[in-house]
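2 protein chains.
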Amino acid sequence: MKIVVDAMGGDFAPESVVAGVVEAVKEFDANIILVGIEEKVQAELKKHDYPQGRIEIIHAPTTVEMHEPATVSLRGKKDSSIAVGINLLKEDGFDAFVSAGNTGAVVAASTINLGMLNGVERPAIGLVIPTLKNFTFLIDVGANTDPKPEHLLQSALMAQVYTKEILGVDTPRVGLLNIGEEAGKGSGFAKEIYKMMEERVADFDGNVEASGIFKGEHDCIICDGVMGNIVIKISQGLMESAAALLRREISKSPIAMIGAVMMKSRLNHIKKLADYTEYGGAPLLGVNGIVMISHGRSNPKAIKNAIRATIREIEHDILRVMTERISRTTI
Amino acid sequence: MKIVVDAMGGDFAPESVVAGVVEAVKEFDANIILVGIEEKVQAELKKHDYPQGRIEIIHAPTTVEMHEPATVSLRGKKDSSIAVGINLLKEDGFDAFVSAGNTGAVVAASTINLGMLNGVERPAIGLVIPTLKNFTFLIDVGANTDPKPEHLLQSALMAQVYTKEILGVDTPRVGLLNIGEEAGKGSGFAKEIYKMMEERVADFDGNVEASGIFKGEHDCIICDGVMGNIVIKISQGLMESAAALLRREISKSPIAMIGAVMMKSRLNHIKKLADYTEYGGAPLLGVNGIVMISHGRSNPKAIKNAIRATIREIEHDILRVMTERISRTTI
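Chains as they are written, first to last, in our numbering: chain B, 377 to 707; chain L, 377 to 707.
For the record, the hints were derived by calculation from the structure and aren't laboratory data.
It cannot be assumed that every hint is accurate.
Claimed, not checked - Cross-link-like lysine-lysine pairs, in silico, DSS-like; alpha carbons within 27 Å at most: (1) B:LYS540 <-> B:LYS378; (2) L:LYS567 <-> B:LYS561; (3) B:LYS509 <-> B:LYS524; (4) L:LYS640 <-> B:LYS628; (5) L:LYS628 <-> B:LYS524; (6) L:LYS571 <-> B:LYS509; (7) B:LYS509 <-> B:LYS466; (8) B:LYS591 <-> B:LYS647; (9) L:LYS571 <-> B:LYS524; (10) B:LYS677 <-> B:LYS416; (11) B:LYS640 <-> L:LYS422; (12) L:LYS677 <-> L:LYS422; (13) B:LYS648 <-> L:LYS647; (14) L:LYS628 <-> B:LYS640; (15) L:LYS591 <-> L:LYS640.
Just so we're clear, the structure is a prediction, and the values are computed from it rather than from any experiment.
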């Protein structure tokens, strides 16, 4: 099993990425190909002990920066770590690609160079969100901002396969993110999707309101890329702002400061709620290859977890299972 | 000044509504007309002492339930407290209407019976959200799920008037809720709105990501009704789930329990972040009347605060100021 990892992706690259990769080869039965500026990656690798022959470097002279437009990986920087990494998947038969770099660039390079799975028209990014119960698989969190109803239907089918095969949910229940629970709520677009889902998705639970996501009562929640993106950014922003406010409040009272120390280990558990870096990566679904997008702020543990998630996808032959599932549902 | 209040609106009506109204007449210089089932409202009123002659009851025999479709106030239940209340505004020259009842029904009755302000095509609900700094006025949080770009432009202008006149911001800065900060991000619809805002809205700050809302760096944030609704429901759901998780975690450790007691007054401050019931009500803007929508779970304090907010709108002659502002901006 050979997994390609973008050594230059993310805010703490290549340091965090290389450290995560070293942990991964020690823990999992997979070899890693690090793609990036060879000299820099080599320098990081030298800081670590790891089983020889398990990590290889492939040189990619340029890097897509986080703020650059998505299309730069296709036009200006065809020799970037993202473009080279995706090509290795396509041309050289490697098994998966992991990147904590520019999400738009990874989506664009994957879509154009790998192409789509049979029966899927657009890519979608799924995200495993920790909830009060267990987790919810939210899709799409930002790949497709102008979807048609059938794209959301395809996402629902892919989400069911992913949560069943990879996350071990026996019969994944699907909800549609909407502004009210009753059928007939929401925009004209939402009503159209609802009808399509009701007809074609098994175990469809109807509309879900955003307030219910963190209760964890649905295995998969389907939405367009704009809504999904809002959900994760609101959650992130609110938890960060709440933490900042808590620190400010605590600092006003010595008694509260002592109380906070006594509660610390418990407060740390709260941070995990809605923390989508816990899973390590967000699978890019619909493209004809196993691609995992890690958060730009990924630490070594997140990179290692993202690699573990791709290993599961490879072991479960996820692309074949998804294609079969979609071909069984007439579209 | 005469303010009409829906006595039957909300999960704790008429009890909470009547209690809030009694507090309001003691504190503010406004008379209240309670609309609802006379017998029930009278029974609640008898429990309180209040200045005689300041609260009047007008009978409305039916009530729109929270789960009923919005149009019921227009067709089936024309004698509901919502329909009667809105008509009092239109026909009898009362100054404002406050309801914690079915939001959709209030929006529908207001739009159809009061009509729109000159230059405004669709209603929008604004919400004052407490943030780390001060507050942000988010609009629309659910009145218009299928807006055209010009509807969002009109919302932006109304939001600027509201935050200036009612909330006292000298030159309100406006942001557009989007999935990225750079111009050119987001859906085709988002790009179109961006362009329109850039050309026609003074003090336009460009795109805002959802993660930034609670930092409070924008006075007004504009979005469509679906996005706004997601924002408030996610925030509400996440804060509730975090609180539930915190209670669960604390109960596991006696030390943490003592710590929590020591922190209690500080933890209570955190609850106010993103708590949109703090302001008491959400102004329904764009209709030709002052209408305030309170949260379904409003307690007496929220009802009182909602009444105070409408008093400010009346004192500032907000409908005239908004109409003037919109007519100055060529649409």
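Outcome of the hint check:
1. B:LYS540 <-> B:LYS378: OK: LYS540 (chain B) and LYS378 (chain B) at ~24 Å, within 27 Å.
2. L:LYS567 <-> B:LYS561: holds (26 Å)
3. B:LYS509 <-> B:LYS524: violated (31 Å)
4. L:LYS640 <-> B:LYS628: Distance ~13 Å between LYS640 (chain L) and LYS628 (chain B) Cα, so the pair holds.
5. L:LYS628 <-> B:LYS524: violated (47 Å)
6. L:LYS571 <-> B:LYS509: violated (43 Å)
7. B:LYS509 <-> B:LYS466: violated (38 Å)
8. B:LYS591 <-> B:LYS647: Holds. LYS591 (chain B) to LYS647 (chain B) sits at ~15 Å (cutoff 27 Å).
9. L:LYS571 <-> B:LYS524: holds (24 Å)
10. B:LYS677 <-> B:LYS416: Given that 27 Å is the threshold and the Cα spacing comes to 21 Å, the pair holds.
11. B:LYS640 <-> L:LYS422: violated (49 Å)
12. L:LYS677 <-> L:LYS422: holds (19 Å)
13. B:LYS648 <-> L:LYS647: This hinted pair holds, its Cα atoms lying about 18 Å apart.
14. L:LYS628 <-> B:LYS640: This hinted pair holds, its Cα atoms lying about 13 Å apart.
15. L:LYS591 <-> L:LYS640: OK: LYS591 (chain L) and LYS640 (chain L) at ~23 Å, within 27 Å.
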